[in-house]
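2 protein chains.
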Amino acid sequence: MALIVQKYGGTSVGSVERIEAVADRVVRFRDEGHDVVVVVSAMSGETNRLIGLAKSIVDQPDPRELDALVATGEQVSMALLCMALHKRGHKARSYNGSQVRILTDDSHTKARIREIDDSRIRADLAQGSVVVVAGFQGVDENGNTTTLGRGGSDTTGVALAAALKAEECQIYTDVDGVYTTDPRVVERAKRLDRITFEEMLEMASQGSKVLQIRSVEFAGKYNVPLRVLSSFQEGPGTLISYEEDNQMEAPLISGIAFNRDEAKLTVRGVPDTPGVAYRILGPVSDANIEVDVIVQNVSADGTTDITFTVHRNDRKKAEAILQDVAKGMGAREVIGDDRIAKVSIVGVGMRSHAGIASTMFKALSEVNINIQMITTSEIKISVIIDEKFLELAVRTLHTAFGLDKTDDNA
Amino acid sequence: MALIVQKYGGTSVGSVERIEAVADRVVRFRDEGHDVVVVVSAMSGETNRLIGLAKSIVDQPDPRELDALVATGEQVSMALLCMALHKRGHKARSYNGSQVRILTDDSHTKARIREIDDSRIRADLAQGSVVVVAGFQGVDENGNTTTLGRGGSDTTGVALAAALKAEECQIYTDVDGVYTTDPRVVERAKRLDRITFEEMLEMASQGSKVLQIRSVEFAGKYNVPLRVLSSFQEGPGTLISYEEDNQMEAPLISGIAFNRDEAKLTVRGVPDTPGVAYRILGPVSDANIEVDVIVQNVSADGTTDITFTVHRNDRKKAEAILQDVAKGMGAREVIGDDRIAKVSIVGVGMRSHAGIASTMFKALSEVNINIQMITTSEIKISVIIDEKFLELAVRTLHTAFGLDKTDDNA
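Chains A and B are the protein sequences, given in the same order.
Sequential numbering of the first sequence, starting at 6, is according to the numbering used here.
Sequential numbering of the second sequence, starting at 6, is according to the numbering used here.
No lab work stands behind these hints, which were simulated from the structure alone.
Certain hints may be false.
Each pair may be met inside one copy or between any two copies, as identical chains are not told apart.
No more than 27 Å apart at the CA atoms, straight line, and that leaves these computed lysine-lysine pairs for DSS-like [what the hints assert, rightly or not]:
(1) Lys226 with Lys115
(2) Lys195 with Lys367
(3) Lys195 with Lys410
(4) Lys60 with Lys96
(5) Lys92 with Lys115
(6) Lys115 with Lys96
(7) Lys92 with Lys60
(8) Lys332 with Lys60
(9) Lys195 with Lys393
(10) Lys60 with Lys321
(11) Lys332 with Lys393
(12) Lys410 with Lys322
(13) Lys195 with Lys322
(14) Lys322 with Lys60
(15) Lys226 with Lys367
(16) Lys322 with Lys393
Take these sequences, add in the hints, and give me the full structure.
So, in structure tokens, the structure goes:
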């Protein structure tokens, strides 16, 4: 008997039938003797419907009012799920963010949780009730409704699990776990039984869409074991937690992540003097353009080249800024390239193993893929390559690192 | 410069276009220098959509969860209206029932308002902001969302106007005021410029659907002048207030109300002993059947007849109860009749004028309408007649009491 937090996304509560299925699952956990706190998203399509209403009135809705508007979506789901639980003879009570109370700062549409009052939830659990909480929302200290921004319901789930010291936070979604890579690209991709927080972070930031980075960070920080499962089929999912001490056979590489949303920008012939990186990247960041990979190699003949990647949508804007900057500092030229992709291998195992990088580069060279840029972190190596080689690169690396599904685990 | 509370019903905020039109009107009042507090209902159809979702899960949804669910409807409207006001360059802030805070008892789905905290609203008004409040909802002392039941948004408007000591509470709806009778029945029906609370109560309880009885009672109790207006066309509407002292020419009769939703039940040959009325009506009321008109005439030969009316939907249930009761007390028989209608003349003027009743009865007899029952109050005379004469009776009385529209006020 444990306390479990379950979070269901929009497709998992997308219709009355889906909500009934969620209720059935919650009842199974109750019948096994667990205490259950459920966090729900808005029914799929509802948040977009509400935002559509707002945008049909004004392009840039006031953030306070936008929060008041969209927070209703999760409140509908929470009440309906409670009704479905009552129908099954179970006690259940719903709470919106203000009722819980999930206290946040006052940054509307992207608020951060400050504090969770767990007293009402604990009292209800003690009475044998399931507690259903509206995800994605909180309240600031002046009583204004706030929302947590993208992936906010995952964050609500993790924060509640941390506050309640739950055994695990189960994130129900439309995939049955975290895979070694995207199964649409590599047919033999495998579901992972376990992955570490750090690996999951790298996978998420490298393009795996299963979980929002923020909730993974949050879970890691408070050491809340996360489990990703499908709400449409049974299965153990993937457990995301800290590395176990005595994992003798931790795989070298857990997965291959990739991303084709980026563009590459290079400023060539930059005088190699202190402060140039800031003079180039400062204006880009001032324009609210997010920069991902940054590479500057050692200089030759007193000048250097600085290359970085941005989201493709920001390429034109970034390029215009760089033209000005380059002119101001006497750089030779600015070159932009949309047709790139990033491929990363991720794994805590690589910390203690030499030769991972060379295995990667060798595998790519054997299929004649040219590497344009390389960056590395403790548990990740990323390369930028020509976009048209993306699928080939992912499949090649998946095989090279022994991730392909065998008949044993097919 | 005054403080005005405006309440807009579901059809008045039924689409983005209608919400924009509401914003335009609010801006006009602001431009005239008034402080404005707006109470909004859910967009038309929204409450039914939400209840439909609930009922597709369970026939009798838990009242607490039902309140949490349907209260979202008004919260959507309040946020959208604020956005439309911002678009027009006006400050506006929304509040749901909990944020205001409108404290109610804990009778979910039919809560009563206990107390309104006006501090946030006053602070916003002082800052030059329009305040938009979600109608129909409040919060109990444990933080649970409550709703006020039918006509709840009108009640919110009146309660806020009372708490804020507003100059008037304007109720915007799809009719342009209160009429002498239903214009669909009497073409020459006139819009009334004024009507008293008492008259309005009698009109409402006699079938006029313009305002809910509860909000009229509430407005009368706190002396909040109510004005009924159309949100679709301009016009002064009808002001509902206490009688002015020096109204030399108060009309004798303000209007003709009618109702064809009732059924008549008669218990004949009841022993004329103390307690029989209770023995007959007690079990009916215990079965939660609302009784309207009750008539018992003086007895002859030691027995009497008791007749009362109930809603037609309750007739069968009431008749079954009465059969048992009649048997138990040795009454002769129980007779039910669906084919009846009630017609009432309403007016504070009748207090000081004799002959109103005889004018009514004479007018009906001249068109050969038989009167089955009569009841009277201080400012109202009601008759029960055969349903098929309803329109004739209403038109006849409308003319007899001089209410027909003339070319002057056409």
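Results of checking the hints against the structure:
1. Lys226 with Lys115: within (19 Å within a copy, 45 Å between copies)
2. Lys195 with Lys367: Within one copy only: 23 Å inside a chain, 92 Å across chains, cut-off 27 Å.
3. Lys195 with Lys410: within (6 Å within a copy, 82 Å between copies)
4. Lys60 with Lys96: Answer is between: at 18 Å across copies they meet the 27 Å cutoff, but 39 Å inside does not.
5. Lys92 with Lys115: Between copies, since 22 Å is at most 27 Å while 36 Å is not.
6. Lys115 with Lys96: Between. Shortest inter-copy distance 22 Å satisfies the 27 Å Cα cut-off; intra-copy 33 Å does not.
7. Lys92 with Lys60: between (37 Å within a copy, 11 Å between copies)
8. Lys332 with Lys60: neither (40 Å within a copy, 67 Å between copies)
9. Lys195 with Lys393: Answer is within; shortest intra-copy Cα gap is 24 Å, inter-copy 77 Å.
10. Lys60 with Lys321: Close inside one copy (26 Å), not across copies (52 Å); limit 27 Å.
11. Lys332 with Lys393: Cα proximity of lysine 332 and lysine 393: none, with 32 Å in one copy and 92 Å across.
12. Lys410 with Lys322: neither (43 Å within a copy, 69 Å between copies)
13. Lys195 with Lys322: Neither: 39 Å inside a copy, 65 Å across copies.
14. Lys322 with Lys60: Only inside one copy: lysine 322 and lysine 60 sit 24 Å apart there, 51 Å across copies, limit 27 Å.
15. Lys226 with Lys367: neither (36 Å within a copy, 87 Å between copies)
16. Lys322 with Lys393: within (24 Å within a copy, 77 Å between copies)
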